[in-house]
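Asker: As a plain string of letters, each chain reads:
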Amino acid sequence: MNCDLCKSEMYAWRYDNDVASFQPLFDHLDQCPECARLFGELTASDGRVETTFQSFPESPFLENRIIAGLAHQRAQAAAHRSARKWWVLLPVLACLLIVLFLAVEPWWQQERLNQQVAILLRTPPALQIVATDRRELLNWSASFVAGASTLPPELDRVQFRGAARLRFADHPAVFLKMKNEGRASLVVVDTPLTKDKGFHKIEENSGSASLWSDGKRSYLLLFNGNAQEMRAYMQKMGISA
Amino acid sequence: MQISDQTFDEWVRQYHRLLFGIAYWWTGSRADAEELTQEAFYQAYRSRSSLRDVATAKSWLVGILRNCYGQMNRKGHVRAEVPLDELTVEYEGPDPLAADILALHCALGRLDERHRLPLVLFYFQDLSYREISLALDLPLGTVMSRLSRAKCLLHDSLKLPDRAIGTAKVEGK
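Residue numbers (the numbering used here), protein chains in the order written: chain X, 1 to 241; chain F, 1 to 173.
If you are wondering where the hints come from, they were derived from the structure by calculation, not from laboratory data. Incorrect hints may have been included.
To be verified - So the derived label-pair ranges between C-beta atoms look like this:
hint	chain 1	residue 1	chain 2	residue 2	range
1	X	27	F	140	49 to 59 Å
2	X	92	F	142	52 to 62 Å
3	F	14	X	95	15 to 25 Å
4	F	54	X	72	19 to 29 Å
5	X	94	F	142	52 to 62 Å
6	X	51	F	74	47 to 57 Å
7	F	14	X	101	21 to 31 Å
Stated by the list, open to error - Chain F is nowhere near these chain X residues, computed Cβ spacing over 12 Å in every case:
hint	residue
8	57
9	64
10	69
Stated by the list, open to error - Where chain X lies over chain F, by a calculated footprint (3+ residues, C-beta under 8 Å):
hint	region
11	37–50
12	56–69
13	144–154
Backbone N, C-alpha and C define an ideal beta-carbon position, used for all residues, glycine too.
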């Protein structure tokens, strides 16, 4: 090894290096006093430089500043996460609203029906046609309510004395006033308002009502009396499912 | 890799002085070093999932500090030649170390970045060649050759400490 190469190796050497790989350097240092002197100076200077590097100013508040900055970042991230969570929940909330609407909708429809029944019981519409001829009244009704100008057999014994056209539950309907019982009237609605054909009792303060359907039309018996009186009237007239 | 906030805070306590020291010798300014250290920890926190092995956390943090330093330079920041005001206030006195510190600042100021960065890691933190190579994202051989050259330049520069300090003081006045 010559002196130039030796000098180069001196700068590459480090105390934690593999000593064996630097053996040629140490062999040369043993033989060359000039290089050995230079290596000694270099080693001493290295130590001094290392010591000098350890002297740098303190920054006493730096740690707290960093920790505070990180806390701020975390708070911001948490706020973003929270906002994102709400966006994710939005479809779930929408589904819940739809389910709620589907569950509430029948009840709401029933309430609406009850309200209209109560209005009809309190203030029945003025008769637009006055006649005791059942066929004439039903023909007149058929022009407004679709279907044949007949009534189901359970209403065969009922007689009427007048009729009026109206809309019930947003559907065309005909109001028929009973002849022999002033407290009773019948509303024929152009749509089935109940899924089954059974009778549904509706009780209101101003009277009672019974609703049934034949699959095409709905029939609403209105009675200005209590439920017992209405039932007695229905039995008398043979109105039963 | 999932790193808890608690672990990261522990790293801040453990390594903030190390990163500040490295940044200080790289930039030559306490204010820049503080800014750089903070930014490095914030960036490290944001990208903590990229750390694959907690055992290499120190090198990883130094690597991020190196990136932040690069970003700082790209934004047009120039290393102060020798921050004399800062130095003379802090180190002036009978302590012979003060002269060495000033001389070291002058010498580092004369080195270009590719020599200064590994040199600081080598002397200041006593990082192994492998750790330096990891932190600076350089091949091991490149680190060794740059360090060898940097040490040579540094020692040459430090041979004339009095002249260097004298020049710096005159410039500062």
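Asker: Each hint needs a verdict: does it hold in this structure or not?
Answerer: Right, here's what the structure says about each hint:
Between residue 27(X) and residue 140(F) the Cβ separation comes to about 25 Å, which falls outside the hinted range of 49 to 59 Å. As the Cβ distance of residue 92(X) to residue 142(F) is approximately 56 Å, the hint placing it in 52 to 62 Å holds. For the pair residue 14(F) and residue 95(X), the supplied restraint of 15 to 25 Å is violated, since their beta-carbon distance comes to about 49 Å. A C-beta distance of roughly 25 Å is found between residue 54(F) and residue 72(X), which places it inside the suggested range of 19 to 29 Å.
Under the hint 52 to 62 Å, the C-beta atoms of residue 94(X) and residue 142(F), about 59 Å apart, fit the expected range. Taking the beta carbon of each, residue 51(X) and residue 74(F) are about 33 Å apart, not inside 47 to 57 Å as hinted. Residue 14(F) and residue 101(X) have their C-beta atoms about 58 Å apart, which leaves the hinted 21 to 31 Å range violated. Its closest Cβ contact with chain F, about 5 Å, brings residue 57(X) to no more than 12 Å, contrary to its assignment away from the interface.
Non-interface status of residue 64(X) relative to chain F is broken: a Cβ of that chain comes within 12 Å, the nearest being about 10 Å off. For residue 69(X), the condition that its CB be more than 12 Å from all CB atoms of chain F is violated, with the nearest at approximately 6 Å. Restraint check on the region 37–50 of chain F versus chain X: 6 residues with Cβ-Cβ distances below 8 Å, three needed, restraint holds. Residue count for the region 56–69 of chain F with a Cβ under 8 Å from a Cβ of chain X: 0. That is fewer than the three needed, and the coverage hint is violated.
A count of 7 residues in the region 144–154 of chain F with a Cβ less than 8 Å from any Cβ of chain X is obtained; the coverage claim is therefore met, three being the minimum.
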